[in-house]
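Undergrad: The lines below spell out each chain.
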Amino acid sequence: MSFIIQFRPYPAFIFVLAVALSMPVAVVLAHVFVPSGDIWQHLSSTVLPDYIRNSLLLMFGVAIGTLLIGVTAAWLTTMCQFPGRSVFEWALLLPMAMPAYIIAYTYTGMLDFAGPLQTSLREWFGWQYGDYWFPQIRSLNGAVAMLTLVLYPYVYLLSRAAFLNQSICVLDVSRTLGNGPWKTFWKVALPLARPAIIAGLSLALMETLADYGTVQFFGVSTFTTGIFRTWFGMGSAAAAAQLAAGLMVFVFALILIERYSRRKARYHHTSRRHQDLRRFQLTGGRAFLALLFCLFILGLGFLLPAFQLLSWTINVADTVIDAEFLRLLVNSLSLAAFAAVLALLLALVMAYAQRLYPGKLVSGAVRVAGMGYAVPGAVIAVGVMIPFAWIDNTIDDLARSQFNYSTGLLLSGTLVAVTFAYLTRFLAVSLQTVDSGLTRITHSMDEAGRSFGFRPLQILRQIHIPMLSASLMTALLLVFVDVLKELPATLILRPFNFNTLAVKAYELASDERLAEAAPAALAIVIVGIIPVILLSKTITRSRKLKLAIDEN
Amino acid sequence: MKTDSTMQLPQLLVDNISIGYAGRPVVEGISFHLKEGEIACLLGPSGCGKTSVLRAIAGFEPLMQGSIVLHGKNVSSAEFSLPPEKRHIGMVFQDFALFPHLTVAKNIGFGLQKLPRKQQQQRVDELLELVELTGAQNQYPHQLSGGQQQRVALARAMAPRPDILLLDEPFSSMDSDLREQLAREVRHLLRRDGVTAIMVTHDQHEAFAMADQIGVLGQGKLLQWGNGYDLYHRPSSRFVADFIGQGVLIPGEIIADNKISTELGIVSGKMTSDKSTGQQVNLLLRPDDIIHDDNSPLKAEIVGRAFRGAVYLYTLKLQSGQQILCLVQSHHQHEVGEYLGIRLEADHLAVFSDQV
Chain Y
1 MSFIIQFRPY PAFIFVLAVA LSMPVAVVLA HVFVPSGDIW QHLSSTVLPD YIRNSLLLMF
61 GVAIGTLLIG VTAAWLTTMC QFPGRSVFEW ALLLPMAMPA YIIAYTYTGM LDFAGPLQTS
121 LREWFGWQYG DYWFPQIRSL NGAVAMLTLV LYPYVYLLSR AAFLNQSICV LDVSRTLGNG
181 PWKTFWKVAL PLARPAIIAG LSLALMETLA DYGTVQFFGV STFTTGIFRT WFGMGSAAAA
241 AQLAAGLMVF VFALILIERY SRRKARYHHT SRRHQDLRRF QLTGGRAFLA LLFCLFILGL
301 GFLLPAFQLL SWTINVADTV IDAEFLRLLV NSLSLAAFAA VLALLLALVM AYAQRLYPGK
361 LVSGAVRVAG MGYAVPGAVI AVGVMIPFAW IDNTIDDLAR SQFNYSTGLL LSGTLVAVTF
421 AYLTRFLAVS LQTVDSGLTR ITHSMDEAGR SFGFRPLQIL RQIHIPMLSA SLMTALLLVF
481 VDVLKELPAT LILRPFNFNT LAVKAYELAS DERLAEAAPA ALAIVIVGII PVILLSKTIT
541 RSRKLKLAID EN
Chain W
1 MKTDSTMQLP QLLVDNISIG YAGRPVVEGI SFHLKEGEIA CLLGPSGCGK TSVLRAIAGF
61 EPLMQGSIVL HGKNVSSAEF SLPPEKRHIG MVFQDFALFP HLTVAKNIGF GLQKLPRKQQ
121 QQRVDELLEL VELTGAQNQY PHQLSGGQQQ RVALARAMAP RPDILLLDEP FSSMDSDLRE
181 QLAREVRHLL RRDGVTAIMV THDQHEAFAM ADQIGVLGQG KLLQWGNGYD LYHRPSSRFV
241 ADFIGQGVLI PGEIIADNKI STELGIVSGK MTSDKSTGQQ VNLLLRPDDI IHDDNSPLKA
301 EIVGRAFRGA VYLYTLKLQS GQQILCLVQS HHQHEVGEYL GIRLEADHLA VFSDQV
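Chains Y and W are the protein sequences, given in the same order. In this text, residue positions in the first sequence follow my numbering: the first is 1, and each later residue adds one. In this text, residue positions in the second sequence follow my numbering: the first is 1, and each later residue adds one.
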């Protein structure tokens, strides 16, 4: 046995990366032990119970809503045949393109006292203010409704995949054993899909916890709004970090549930062979109801708000779309593209490290580096800000004492900090995509290449790059869009006077200049459609792909 | 006057059924029937429509024409289809389709939920014993081997004592050397319980090991219905002759009743179909119809041989270039290129007209 550990630069680099990328979360968690004195006392005796209560209520409501909508929609589009089914199959993913804060302010514009709906109601019935009751959109219930409308696709997507993967034979067996279609759904299909449904639900709930724009706009105090208030209002980084740590407790619980469900889902795989799906043919009233249900969801979650955004955009186009808007656009797109490329490069470096140095250490490091996706943007922002500010101050102090010169802020409040935050949060996305592409290139393919006398570089060029290109493109696009939509981290970390589409839309909306916010919001939604298209392609292909894999 | 009790009604009557998708028939005009306790098999290459027939009996496919009568009850016709859950059938699927979220015992008991709990338990125990899985009742399907999973699937289908058991390629996911043995075991189980069953497969050895009656399907039609011996020795069509067993067709002319003149000389035996004298036909020669005989004046050149353990399968070339197959016990060693003395010994003469 040798005690000399050989130093290998490549894996060592991976460790350094993993340490750097896990720093924000580590910093936040470490702050649990940092005394923040009176502020924490104050928080826990006044607002903290509210944060917890609201976060729980929000999660509860969104859970119920996304489950009902997501599972029903998945079952209808997967197992039933009705007019428009094949369109709804992918169209029901469209609400994913709509960030929650955007749909929230769009509905506010439509449903508020001065909005078109209430105005016309007053005109038609001659009501005055106070004459009638109208649900208050800017409330906890409103937030639940908004988040449900844009987050149900997570549940839809995963339960749909589960229904598709269920061996049709399993359902048939239940029929031959004397159960009708409904009983089969409750006794077989649903229990089998349960792990996948729960995994989808925990993703939706992670997004709920990460949401800042909606709850802030609707005046619902949760952990994320609390972090902002403590940070900017009370100026206490430590207390903000402690709130962030509190939020992380919820997130970790969800991660555990999700992991556990996915593990269980493996055993819920039913079959290696698949028969063609034979969908239940819905006719008459039932077909109409199914169509109506899907149309209703799609309308509320996407069509209606998108249409409203479009009409606002047309109204204000002359005044809002100017040189400044273009600069905004260029800022956002180039920042997103830069982050996406960087994330892709890091993902490639990590994925190949895993391939070249198989073993627990490297794969553990890679997993740590990819942890950030579940972490809310606000938490990451706090976790990035604190150490970066410390580094800046240390360097500044040093420079001042040694050279009598102030370096100012080198990292915090620069694009470096923002980009670093994006990387921690979204590296997992590109990592996962690249990794799944790379695992399709088996080692025996490399060996086959070598047996033909190819050198490693030739193998890379002739086998890996052509096979990976689609995955690389997907990884780029997904991170690009995620960065473009990201609000809280950008809001905290962006350099002074540097605006992105998301920040601008949010700021204008907060100032009740809803129509003026529309062009930026619409741009985000349009870009957001890209991953929806990618996803819808994968889900229609997944069945064929699965068939192909099963035959091997 | 005959009463119903003396006249045995068929357990399953499939009468002239056609099945299709989007108006295009995949199965046309199929009829057969099964007596109670009989085990049948639908045999055919993939895409011949055999699974569609099975699924029509189960109630998963509607009929375009014809009818299916199960246990005296009309269950399917062009206008009407009783839903699968009301047919009282059992089905074993290709992939077993066990419920992964339920234990072995719960899987087996799945179709027994209408029975009182005590009877359920009793029946489950009975079946566990029958398929020799006592002790595994609390395990989950993913903890079982392929063979065990298959027995659970069988037990689950048999548990409610269905009027008929339908098996869809039940052995296709098994190792090929296990299939025949499993088929025999399943046959034994079904026999013990007197279960009427119908299996679908593309593997003739499975069919021979399992079934009393075999129906050969080709291109959506039932070509022949009979036992293994008949299919092998008295095939009614070239398709069946090709599909079952090995053999070659050699040209010949009918010179008299039950006499055919071929390149191998005049062959006599019982002709399996009516053909008139003078007609040009093709005669089916199975490898076991050609006997190795060193003393025979008839010689053929060996162009290939395959070792089959107890026997060699030789490919021989006649003078005309026509090739035939011959089984020879493996202690007779002959090299490729040598000439082998052969003689013809066929009981049944399966002849087919030129074109068909």
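Keep in mind that the hints were calculated from the coordinates and are not lab data. There's no promise every hint is true.
What the hints assert, rightly or not - Once the Cα atoms are required to be at most 30 angstroms apart in a straight line, the calculated DSS-like pairs of lysine-lysine come out as:
(1) Y/Lys264 to W/Lys106
(2) Y/Lys183 to W/Lys114
(3) W/Lys259 to W/Lys275
(4) W/Lys35 to W/Lys86
(5) Y/Lys183 to W/Lys106
(6) W/Lys259 to W/Lys35
(7) W/Lys118 to Y/Lys187
Undergrad: The structure should be examined with respect to each hint, and the outcome stated for every one.
TA: Now the hints, each set against the structure:
no.: 1; hint: Y/Lys264 to W/Lys106; in the structure: holds (19 angstroms)
no.: 2; hint: Y/Lys183 to W/Lys114; in the structure: holds (13 angstroms)
no.: 3; hint: W/Lys259 to W/Lys275; in the structure: holds (11 angstroms)
no.: 4; hint: W/Lys35 to W/Lys86; in the structure: holds (21 angstroms)
no.: 5; hint: Y/Lys183 to W/Lys106; in the structure: holds (16 angstroms)
no.: 6; hint: W/Lys259 to W/Lys35; in the structure: violated (38 angstroms)
no.: 7; hint: W/Lys118 to Y/Lys187; in the structure: holds (21 angstroms)
Checked against the numbered hints above, the structure breaks only hint 6 and satisfies the rest.
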